[in-house]
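Student: Throw the hints in and build the complete structure from the sequences for me.
Protein chains: 2
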Amino acid sequence: METRFADRIGKVKKSFIREILKVTADPAIISFAGGLPNPISFPIDEIEAATKKVLREDGANALQYSTTEGYLPLRQFIAERYKKRFGLSADPNEILITNGSQQGLDLLGKVFLNKGDDVLIERPGYLGAIQALSIFEPNFHSVALHDDGVDIEALETALQRHNPKLFYAVPNFQNPSGLSYTEENRRRAAEVLSRHNTFFIEDDPYGELRFRGSDSLSMKNFFNEGTILLGSFSKIVSPAMRLGWVYAPKDIMEKLITAKQAADLHTNYFSQRVLYSYLAENDIDAHISKIKSLYKAQSDCMTESIEKYFPSSVKCTKPEGGMFMWVTLPEGLSSLDLFEIASKKNVAFVPGDPFYVNATGTNSLRFNYTNADEKMIKEGIRRVAEAINELMSK
Amino acid sequence: METRFADRIGKVKKSFIREILKVTADPAIISFAGGLPNPISFPIDEIEAATKKVLREDGANALQYSTTEGYLPLRQFIAERYKKRFGLSADPNEILITNGSQQGLDLLGKVFLNKGDDVLIERPGYLGAIQALSIFEPNFHSVALHDDGVDIEALETALQRHNPKLFYAVPNFQNPSGLSYTEENRRRAAEVLSRHNTFFIEDDPYGELRFRGSDSLSMKNFFNEGTILLGSFSKIVSPAMRLGWVYAPKDIMEKLITAKQAADLHTNYFSQRVLYSYLAENDIDAHISKIKSLYKAQSDCMTESIEKYFPSSVKCTKPEGGMFMWVTLPEGLSSLDLFEIASKKNVAFVPGDPFYVNATGTNSLRFNYTNADEKMIKEGIRRVAEAINELMSK
Chain S
1 METRFADRIG KVKKSFIREI LKVTADPAII SFAGGLPNPI SFPIDEIEAA
51 TKKVLREDGA NALQYSTTEG YLPLRQFIAE RYKKRFGLSA DPNEILITNG
101 SQQGLDLLGK VFLNKGDDVL IERPGYLGAI QALSIFEPNF HSVALHDDGV
151 DIEALETALQ RHNPKLFYAV PNFQNPSGLS YTEENRRRAA EVLSRHNTFF
201 IEDDPYGELR FRGSDSLSMK NFFNEGTILL GSFSKIVSPA MRLGWVYAPK
251 DIMEKLITAK QAADLHTNYF SQRVLYSYLA ENDIDAHISK IKSLYKAQSD
301 CMTESIEKYF PSSVKCTKPE GGMFMWVTLP EGLSSLDLFE IASKKNVAFV
351 PGDPFYVNAT GTNSLRFNYT NADEKMIKEG IRRVAEAINE LMSK
Chain R
1 METRFADRIG KVKKSFIREI LKVTADPAII SFAGGLPNPI SFPIDEIEAA
51 TKKVLREDGA NALQYSTTEG YLPLRQFIAE RYKKRFGLSA DPNEILITNG
101 SQQGLDLLGK VFLNKGDDVL IERPGYLGAI QALSIFEPNF HSVALHDDGV
151 DIEALETALQ RHNPKLFYAV PNFQNPSGLS YTEENRRRAA EVLSRHNTFF
201 IEDDPYGELR FRGSDSLSMK NFFNEGTILL GSFSKIVSPA MRLGWVYAPK
251 DIMEKLITAK QAADLHTNYF SQRVLYSYLA ENDIDAHISK IKSLYKAQSD
301 CMTESIEKYF PSSVKCTKPE GGMFMWVTLP EGLSSLDLFE IASKKNVAFV
351 PGDPFYVNAT GTNSLRFNYT NADEKMIKEG IRRVAEAINE LMSK
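Those sequence lines, one after another, are chains S and R. The opening position of the first sequence corresponds to residue 1 in the working numbering, with each subsequent residue numbered one higher. The opening position of the second sequence corresponds to residue 1 in the working numbering, with each subsequent residue numbered one higher.
The set of hints was computed from the structure by calculation and includes no laboratory data. Among the hints, a few may not be true.
Remember, identical chains collapse to one label, so a pair may be satisfied in a single copy or spanning two.
[Claimed, not checked] Restricting the straight-line Cα-Cα distance to at most 27 Å, the calculated cross-link-like pairs of lysine-lysine (DSSO-like) are:
| hint | residue 1 | residue 2 |
| --- | --- | --- |
| 1 | Lys290 | Lys52 |
| 2 | Lys290 | Lys318 |
| 3 | Lys345 | Lys375 |
| 4 | Lys22 | Lys250 |
| 5 | Lys250 | Lys13 |
| 6 | Lys84 | Lys378 |
| 7 | Lys250 | Lys11 |
| 8 | Lys345 | Lys308 |
| 9 | Lys115 | Lys53 |
| 10 | Lys344 | Lys375 |
| 11 | Lys53 | Lys290 |
| 12 | Lys22 | Lys83 |
| 13 | Lys13 | Lys115 |
| 14 | Lys115 | Lys11 |
| 15 | Lys318 | Lys11 |
| 16 | Lys84 | Lys22 |
Tutor: Set out below in structure tokens:
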């Protein structure tokens, strides 16, 4: 029989990164390609203890169906943390627990986007967001990212020209660039946004992982009525549990709950209970501190290796937090060509192309430094340097 | 600022059942309204042991990101079970692990449905499917259900008239009616379907819960190329874990994986590992047998109470499995009116209306018998009988 697919599904690209990850499953390959947290940071024993406690004290409820909104004490924990981090007066009823923050994007797409609606994203932008929102067939527009944040003039122009429904951004340690918006940049972006009718989606999976410099406030501090936050426990506790959330104003939350109910009734309640028990019985800030020390050491090792091996014409960001470093080759060189040469030397990264809505042959690329030990980082960077030299001498 | 929602979200109704469930949270109310498994059937200790084993033996992987398709041994287990139950030669690569089978519906909607496409469902039909697919703005058509299954003539007419992309059905112990398709009915339905171009979505959450009569083959045995199966561990292990699956031909699976990746990257891997370890270390068939004995006793208790208290003009199905009983009041009476009277007597059920795409004032209603003990069932049915007598004497 003939299979009649929906139009939308032809418009979503399979993740190039996931294709690369299949290649890098070979243990001989040193991979800076993925975006995986370091598993030595996972609180394995504490999760075991939390599971035991939850099942023994309330097993019948912890294994039963639950509410679409998510476990209330977990939502209260998240709301309290927004108060503590940013002084925001978050209400637990403005928090919806989702299957990772990725699902938040799917739900926002469902709630906001008609086919052909305009959406703004950063350039380069997070691939998973492009994928998630592509399902709803919007027109994407992009706005350049600089060292201090979004290009304010370009933002104003894009808002005026396209009147997008949503502007999706990762203001802290952005994926892929690792860059953060300064507080001044946020203030100016909020000022521009407040004159338009576009919701700002602040995706913040890495915000708590600052190991240098000082934290900024959230965009919601500056653009309260128009900011929707996405958050995640993936980078600070465990990605396998797929526990994230959306923090949105109540009129939007009501629609998100309808969409969530239709999508999967509710998020894994067993894991919500285990995670909450873990958070209640342990010092999450001490745990996050450990992760930050680890990532700082890994990031510094990568920076030092780059300084040692790379030609000076290659520019790299110096991360202040998060999981990624952004590398720019001299003008005219293609990171896809570099990827080809590097793979033969058993080292992998993600070329820049998939992070651009409409670009090929870019000279940028992404390194992840959190999932390789220092020995591998040094050796991997040495191999990439060899590949760069080969590419430059061609 | 003005909030510009997508058109689709206005078309999805909040679940009437979930609204009822909020009311029935009051412990004074005897509720036959929900669709919850009996928590005394949950293997709490075994899940604790499975979690301990997984975390101690492979914690770093069990808490990490994983593949979109799902944990391979779990998919192999599911494929093997299809071989055992139906003799189907299922390939693990045709199985995708989802957040409950509800997410399977969301993904199928994404992959198949353009706005305005035609979809066929049973009358009455499963509310969660109507909700999930409504997001994609199809035109729903319905086909009547009889004691032996779908109305074959009505099916043929609907296929001819509407050429629907999908026909969604629950052939075993249907929600809400509790009815099952006989094997002869399946054979005839498959024969009709094979002359058209419509995929048959066989949602089968209750199929393993037969406590009377004998099992039928799957629709896939009769309509192999056009059947997509949805399955779930919610009713046989734990609903909180939200672990279900889609079993679909490979060309469709490829698109489903793209949609799944965009929706939430992958299903909770920690729970997949715990569930698989539970399945590997325990006899799931013995566990299912215990659930079936429990539900048979509860179902029989409800049938006996109904025979004792209800006027003979009220017709009830006698369940052979699953979780629901379907009640038909004499012509002209409204189950919504009965619901009003019954709530004042602190007993609840789901009136038939939300199970029909276009109907109000139906005389049918759904009882769930799995989540109340025998004392509550007897007392609850006595109260509903009182309410029926009041309604009939008006």
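Student: Take the hints in turn and mark each one as holding or not.
Tutor: Hints and how they fare:
1. Taking identical chains as interchangeable, the C-alpha atoms of Lys290 and Lys52 lie at most 27 Å apart whether they share a chain (25 Å) or sit on different chains (24 Å).
2. Proximity of Lys290 to Lys318 under the C-alpha cut-off of 27 Å is restricted to the intra-copy arrangement: shortest distance 20 Å within a copy versus 60 Å between copies.
3. For a Cα distance limit of 27 Å, the shortest separation of Lys345 from Lys375 inside one copy, 16 Å, qualifies, whereas the shortest one across copies, 72 Å, does not.
4. Taking identical chains as interchangeable, the C-alpha atoms of Lys22 and Lys250 lie at most 27 Å apart only when they sit on different chains, with a minimum of 19 Å there against 41 Å within one chain.
5. For the homomeric pair Lys250 and Lys13, the shortest alpha-carbon distance between copies (18 Å) is at most 27 Å, but the shortest distance inside one copy (33 Å) is not.
6. Taking the closest pair of Cα atoms, Lys84 and Lys378 never come within 27 Å of each other, the shortest separation being 38 Å inside a single copy and 52 Å across copies.
7. Taking the closest pair of Cα atoms, Lys250 and Lys11 come within 27 Å of each other only across two copies (19 Å); inside a single copy the shortest separation is 32 Å, beyond that limit.
8. For the homomeric pair Lys345 and Lys308, the shortest alpha-carbon distance inside one copy (19 Å) is at most 27 Å, but the shortest distance between copies (80 Å) is not.
9. With identical chains, the CA atoms of Lys115 and Lys53 are never at most 27 Å apart, being 47 Å at best within one copy and 47 Å at best between copies.
10. For a Cα distance limit of 27 Å, the shortest separation of Lys344 from Lys375 inside one copy, 20 Å, qualifies, whereas the shortest one across copies, 71 Å, does not.
11. Within a single copy, Lys53 and Lys290 get their C-alpha atoms as close as 25 Å, and across copies as close as 26 Å, so both meet the 27 Å cut-off.
12. For the identical chains of this complex, Lys22 and Lys83 are neighbours neither inside a copy (41 Å) nor across copies (29 Å), given an alpha-carbon limit of 27 Å.
13. In this homomeric assembly, Lys13 and Lys115 come within 27 Å of each other (Cα to Cα) both inside a single copy, at 17 Å, and across copies, at 21 Å.
14. Taking the shortest alpha-carbon separations for Lys115 and Lys11, both the intra-copy value of 12 Å and the inter-copy value of 16 Å come in at or below 27 Å.
15. Taking identical chains as interchangeable, the C-alpha atoms of Lys318 and Lys11 are never at most 27 Å apart, the minima being 35 Å within one chain and 48 Å between chains.
16. For the identical chains of this complex, Lys84 and Lys22 are neighbours neither inside a copy (40 Å) nor across copies (32 Å), given an alpha-carbon limit of 27 Å.
The structure is inconsistent with the numbered hints 6, 9, 12, 15, 16, although it conforms to all the rest.
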